[in-house]
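Number of protein chains: 2
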Amino acid sequence: MNDDVARVLGGDQRVISRIMTSLERRFPAVTSVIKELDHHTGNAYTIGLTGPPGVGKSTLVDRLTGHLRALGLTVGIIAVDPDSPFSGGSILGDRIRMQRHYLDSGVFIRSVSTRGQGGGLPRTVKCLVRVLDAAGKDVIIVETVGVGQTELGVMGVADTIVVALMPESGDTIQTLKAGVLEIANLFLVNKADREGADRMAAALRSMLQIAAEPQDWEPPVVLTRADRGEGIEALWEEIESHRNYLSTSAGAGDYRSLLEERRGERRRAEFLETLQEELFQRLKARIEREQTLQSIVEDIGNGKLEPYSAASELLADPAALGSSFLSNE
Amino acid sequence: MNDDVARVLGGDQRVISRIMTSLERRFPAVTSVIKELDHHTGNAYTIGLTGPPGVGKSTLVDRLTGHLRALGLTVGIIAVDPDSPFSGGSILGDRIRMQRHYLDSGVFIRSVSTRGQGGGLPRTVKCLVRVLDAAGKDVIIVETVGVGQTELGVMGVADTIVVALMPESGDTIQTLKAGVLEIANLFLVNKADREGADRMAAALRSMLQIAAEPQDWEPPVVLTRADRGEGIEALWEEIESHRNYLSTSAGAGDYRSLLEERRGERRRAEFLETLQEELFQRLKARIEREQTLQSIVEDIGNGKLEPYSAASELLADPAALGSSFLSNE
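If you read the sequences in order, they're chains A and B.
Quick note: to get the working numbering, add 687 to the position in the first sequence (first position is 1).
Quick note: to get the working numbering, add 687 to the position in the second sequence (first position is 1).
If we strip away everything but chain A, and leave its shape as in the complex, we get (with noise of 0.2 Å):
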């Protein structure tokens, strides 16, 4: 296991690829591994671009990876796909776009199946990110197809949260979902060159006026058009600028950084995060194990108990469930 952790920290890209699939499927035995690399993380900056299908993410992302990779940083990319039968094809599509990176040992991507991750995917995420940090990724890109509340949890990974539209994105702008405006640090137009790019940047511009709280920072709008590499380098400006602002930025308590605290707040909704599904899917065994809660679960189905005051009535009596901290509360 030290081997593997070795070989990480050192960039072994198969290493680091075997890892990844052994988070993915949950496997007890990579716990140890995690937490070893844990002490070498921090030193990347994570990236969070997300928004709604066709607004071309994926070229964005990999002309981002270009620029970075022009200036010299390594750069780690975790796309998560939605896994649709209608969406299929079309991803594929993107993934061979990108392709050009494959070949590009300082590029390390991983593609993240929706599938059978159901809550926890935001988790799974959560740890690749921290294996791409440890094996010394400059900048790691995290891309969501889609703008629901997985995605949004998806997002919590990230220290610039940047949410691309386009001019299209008109009516768009109310179909984002509550919450993804929310979160942006940073707005982007793409496709800029097509009518009502201005247009949508301005309206925009004054939807954050009315509707945030004042704060320190700003998120910015930029337009970019992806295809032909512009704006790229205005994005990582503004990005580096948001991360300016969070690193220089005083945080509370012990937090050297407004970027120290946030991190913090992260890896504390995690560790919740984790005894949560954890929790769950323990109590989902002991009912499949059980006779009498096998039977209560019955008679839920045939009408002969009602779900939710069964829940509360056999919380009430923690010994049925043979836990002693429910009763506690």
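Worth flagging that the hints you see were computed from the coordinates, not collected in a lab.
One or more hints might be untrue.
[What the hints assert, rightly or not] Straight-line distance between alpha carbons at most 20 Å, and here's what the computed SDA-like set of lysine to any residue pairs gives:
no., chain 1, residue 1, chain 2, residue 2
1, A, Lys991, B, Gly951
2, A, Lys971, B, Ala1003
3, B, Lys971, B, Arg955
4, A, Lys722, B, Ser999
5, A, Lys991, B, Glu917
6, A, Lys991, B, Val692
7, B, Lys722, B, Val692
8, B, Lys971, A, Leu959
9, A, Lys991, A, Glu977
Following the hints, put chain B in place on chain A, whose structure we already have.
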């Protein structure tokens, strides 16, 4: 309390409202009421309506309600509102359009905000539906704005799920979150007078043929123009044929029909969700109380401990959590 049950069964709108507020706020006292009411449920038919913002869902609900009332059926409506500063205005407008039904004692309308509900929203909605079912409503319509993970969860309450789109949603088909198309029992293309409506319907039909596993029930595509009430009768006919399909198909095991089987599955899922949520609330409360757990959380925040492995280690030592059932996995 039994008085409250009797009043709900009698359709007392004021008591129904009060019980619903208690449910949203998770007052423990309401548990016994829900338990009693459950014995009087199973008669209502529940329709879920979802789709991207702007397709006219509120107008559809309004028109469908009018149609059902004309048929002599009573209607319960639960409208789930996202809680975003960007959507407040338009939602309010939607609600105003529904106002004519507020004066009709055969219609009960309830708005539920996503605010503060977190992952518990689907469970709250299920309890609200149970109350309306017990109160004797013939048809219950649950409308959600948006197409994210939470909305998918809310749709889990419905016997028939209708996904509404419009001609301009052409690009939106891929915008729909993975899973939404898969759960639809019926598609609806509203604003069917606009250009591209037939093309949209044809595209949906061919997508369904490519993507769907062969099933006994093939989701029909209904064209509507809700602002004029056109297609509403056809919509209801298709809902009725889905209901008929569910009622006449054989159920697994002891279930009399597929409808009963699916309702049983949903009740069992609701039980597990309630347990999961309650357990997590108790876990959080315990962490806040216990000094040793608090210091683990702090060390995770300041980087001394890694979140994922710390959670695993804590779960491996259930005495630390004060829980005996944790050790049984």
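Okay, the hints, checked on the actual structure:
1. Straight-line distance between C-alpha atoms of A/Lys991 and B/Gly951 comes to about 11 Å, which keeps the hinted pair within the 20 Å bound.
2. With a C-alpha separation of about 17 Å, the suggested pairing of A/Lys971 with B/Ala1003 holds against the 20 Å cut-off.
3. With a CA separation close to 25 Å, the supplied pair B/Lys971 and B/Arg955 exceeds the 20 Å bound.
4. Of the pairs offered as hints, the one joining A/Lys722 and B/Ser999 holds, with about 11 Å between alpha carbons and a cut-off of 20 Å not exceeded.
5. A C-alpha spacing of about 42 Å is found between A/Lys991 and B/Glu917, which places the hinted pair above 20 Å, so the restraint is violated.
6. The hinted pair formed by A/Lys991 and B/Val692 meets the criterion: a straight-line CA distance of about 18 Å does not exceed 20 Å.
7. Between B/Lys722 and B/Val692 the alpha-carbon distance is near 10 Å, which keeps this suggested pair within the 20 Å criterion.
8. For the proposed pair B/Lys971 and A/Leu959, the alpha carbon gap of about 8 Å is at most 20 Å, so the pair holds.
9. Among the hinted pairs, A/Lys991 with A/Glu977 is consistent with the structure: their alpha-carbon atoms are about 19 Å apart, no more than 20 Å.
Violated hints for the displayed structure, listed by number in ascending order: 3, 5.
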